[in-house]
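Trainee: The residues making up each chain are set out below.
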Amino acid sequence: AQKVTQAQTEISVVEKEDVTLDCVYETRDTTYYLFWYKQPPSGELVFLIRRNSFDEQNEISGRYSWNFQKSTSSFNFTITASQVVDSAVYFCALSEEAENNDMRFGAGTRLTVKP
Amino acid sequence: EPEVTQTPSHQVTQMGQEVILRCVPISNHLYFYWYRQILGQKVEFLVSFYNNEISEKSEIFDDQFSVERPDGSNFTLKIRSTKLEDSAMYFCASRTVHNQPQHFGDGTRLSIL
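Sequence lines, in order, name chains A and B.
So for the first sequence, this note's numbering puts the first residue at 1; every next one is plus one.
So for the second sequence, this note's numbering puts the first residue at 1001; every next one is plus one.
FYI, nobody ran anything at the bench for these hints, they're computed from the structure.
It is possible that part of the hints are untrue.
Said to hold, decoys possible - Distance windows between CB atoms, simulated:
id: 1; chain 1: A; residue 1: Val84; chain 2: B; residue 2: Ser1009; range: 20 to 28 Å
id: 2; chain 1: A; residue 1: Leu48; chain 2: B; residue 2: Gln1017; range: 31 to 39 Å
id: 3; chain 1: A; residue 1: Glu59; chain 2: B; residue 2: Gln1100; range: 35 to 43 Å
Unchecked claim - Keeping only pairs whose Cα atoms sit at most 27 Å apart, straight-line, the calculated DSSO-like set for lysine-lysine is:
id: 4; chain 1: B; residue 1: Lys1078; chain 2: B; residue 2: Lys1042
id: 5; chain 1: A; residue 1: Lys38; chain 2: A; residue 2: Lys16
id: 6; chain 1: A; residue 1: Lys3; chain 2: A; residue 2: Lys114
id: 7; chain 1: A; residue 1: Lys114; chain 2: B; residue 2: Lys1042
id: 8; chain 1: A; residue 1: Lys114; chain 2: A; residue 2: Lys70
id: 9; chain 1: B; residue 1: Lys1078; chain 2: B; residue 2: Lys1057
id: 10; chain 1: B; residue 1: Lys1083; chain 2: A; residue 2: Lys114
id: 11; chain 1: B; residue 1: Lys1042; chain 2: B; residue 2: Lys1083
id: 12; chain 1: A; residue 1: Lys70; chain 2: B; residue 2: Lys1078
id: 13; chain 1: B; residue 1: Lys1057; chain 2: A; residue 2: Lys16
id: 14; chain 1: B; residue 1: Lys1083; chain 2: B; residue 2: Lys1057
id: 15; chain 1: A; residue 1: Lys3; chain 2: A; residue 2: Lys38
id: 16; chain 1: B; residue 1: Lys1083; chain 2: A; residue 2: Lys16
id: 17; chain 1: B; residue 1: Lys1057; chain 2: B; residue 2: Lys1042
id: 18; chain 1: A; residue 1: Lys114; chain 2: A; residue 2: Lys38
id: 19; chain 1: B; residue 1: Lys1083; chain 2: A; residue 2: Lys70
id: 20; chain 1: A; residue 1: Lys3; chain 2: A; residue 2: Lys70
Predicted model only: the values in this text are computed from it and were never measured.
Ideal Cβ positions, reconstructed from N, Cα and C, are used throughout, including at glycine.
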C-alpha cells in the first residue's frame, strides 16, 4: 500500500529565510508519481509539481526547488527567500500506476511566513 | 486553459438530508475522482470512476455515497442521508489517459447542521 509521511506539522519562518518541507513515501510499485500541492487559506489545491519515479533530476522553478531521492524515498521541497504569500498548507502526494493512479496525500505541513 | 468546475462552492444541509455535489470535468478527460478533506486534515481519496463505473473506492465510500455521470459532462457525488461527520471540503478531479496528472476543481465546502 502506498503511504506518504510529512513529519512536519507546522513550520514558522521569518520572511527571506529558506525553508525545506520534508516528504517521505512508501510504495511497492516501480512506476509512481510524486506531487506537491499548495493549499492557501481560500481552500483550493494549487498544483506545484509532478515527478515520475524514473526522473530523479532535481527541479528548480523560481524560488521553488525539489529534491527527489529514491534511495531515501524522499521528495523534499525547498522555498528560497520565503515570502508572506508562501504561507499555506503544503501537501505531498503519491500515485501508483498500478493502483489506478488514485492519489494518496500526506497530512500536510502548515507553513507560516512572518514579515 | 480548461478547468474542472465544481458547484456549489458552499453547501449547507440539515443532517439526514440528501445532498448532491456537482462537478464538470475537463471535456476530453476519461478518469474521474472524488476526494474529501475534513477541516484541518489531509485530503483523502473517496472513489475513482472510469468507463461509467466505479474502478476503485476507499473504506470511507460506504453505502451512503454514490457517484454518477448522468450525461456527457457532469460527474456527481451523492450522499443519501448526511451526518455531521460528512462536513468537509469535497474535491473533484479528472485526467485524460493513464499516466497523466489529475486536475482538481476548487472544491465544494459541505456543512452539515
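Trainee: Each hint: holds or not?
Mentor: Checked hints:
Checking the proposed 20 to 28 Å range against Val84(A) and Ser1009(B) shows it holds: the Cβ atoms sit about 25 Å from each other. For the pair Leu48(A) and Gln1017(B), the supplied restraint of 31 to 39 Å holds, since their beta-carbon distance comes to about 37 Å. With their beta carbons about 18 Å apart, Glu59(A) and Gln1100(B) fall outside the hinted range of 35 to 43 Å. Pair hint Lys1078(B) plus Lys1042(B) holds up; C-alpha atoms about 21 Å apart against a cutoff of 27 Å.
The straight-line distance between the Cα atoms of Lys38(A) and Lys16(A) is roughly 19 Å, inside the 27 Å bound, and the hint therefore holds. Distance hint between Lys3(A) and Lys114(A) is unfulfilled; the C-alpha atoms sit about 31 Å from each other, more than 27 Å. A distance of roughly 24 Å separates the Cα atoms of Lys114(A) and Lys1042(B); the hinted pair therefore holds under the 27 Å criterion. With a CA separation close to 33 Å, the supplied pair Lys114(A) and Lys70(A) exceeds the 27 Å bound.
Under the criterion of a C-alpha separation no larger than 27 Å, the hint pairing Lys1078(B) with Lys1057(B) is consistent with the structure, at around 14 Å. Only pairs whose Cα atoms come within 27 Å are accepted, and Lys1083(B) paired with Lys114(A) is rejected, the gap being roughly 38 Å. Between Lys1042(B) and Lys1083(B), the direct Cα distance comes to roughly 19 Å. Compliance with the 27 Å bound is thereby established for this hinted pair. Annotation: proposed proximity of Lys70(A) to Lys1078(B) is violated, straight-line Cα distance about 40 Å (limit 27 Å).
Using a Cα cut-off of 27 Å, the hinted pair Lys1057(B) and Lys16(A) is violated, with the two alpha carbons roughly 43 Å apart. This hinted pair checks out: Lys1083(B) and Lys1057(B) have alpha carbons roughly 20 Å apart, not beyond 27 Å. With a C-alpha separation of about 19 Å, the suggested pair Lys3(A) and Lys38(A) falls inside the 27 Å cut-off, and the hint holds. Straight-line distance between C-alpha atoms of Lys1083(B) and Lys16(A) comes to about 44 Å, which puts the hinted pair past the 27 Å bound.
Restraint check: the Cα-Cα separation between Lys1057(B) and Lys1042(B) comes to about 17 Å, which is no more than 27 Å; the hinted pair holds. The suggested pairing of Lys114(A) with Lys38(A) holds, with an alpha-carbon distance near 18 Å, which does not exceed 27 Å. Between Lys1083(B) and Lys70(A), the direct Cα distance comes to roughly 42 Å. Violation of the 27 Å bound is thereby established for this hinted pair. This hinted pair checks out: Lys3(A) and Lys70(A) have alpha carbons roughly 15 Å apart, not beyond 27 Å.
Violated hints, in rising order: 3, 6, 8, 10, 12, 13, 16, 19; the structure is consistent with all others.
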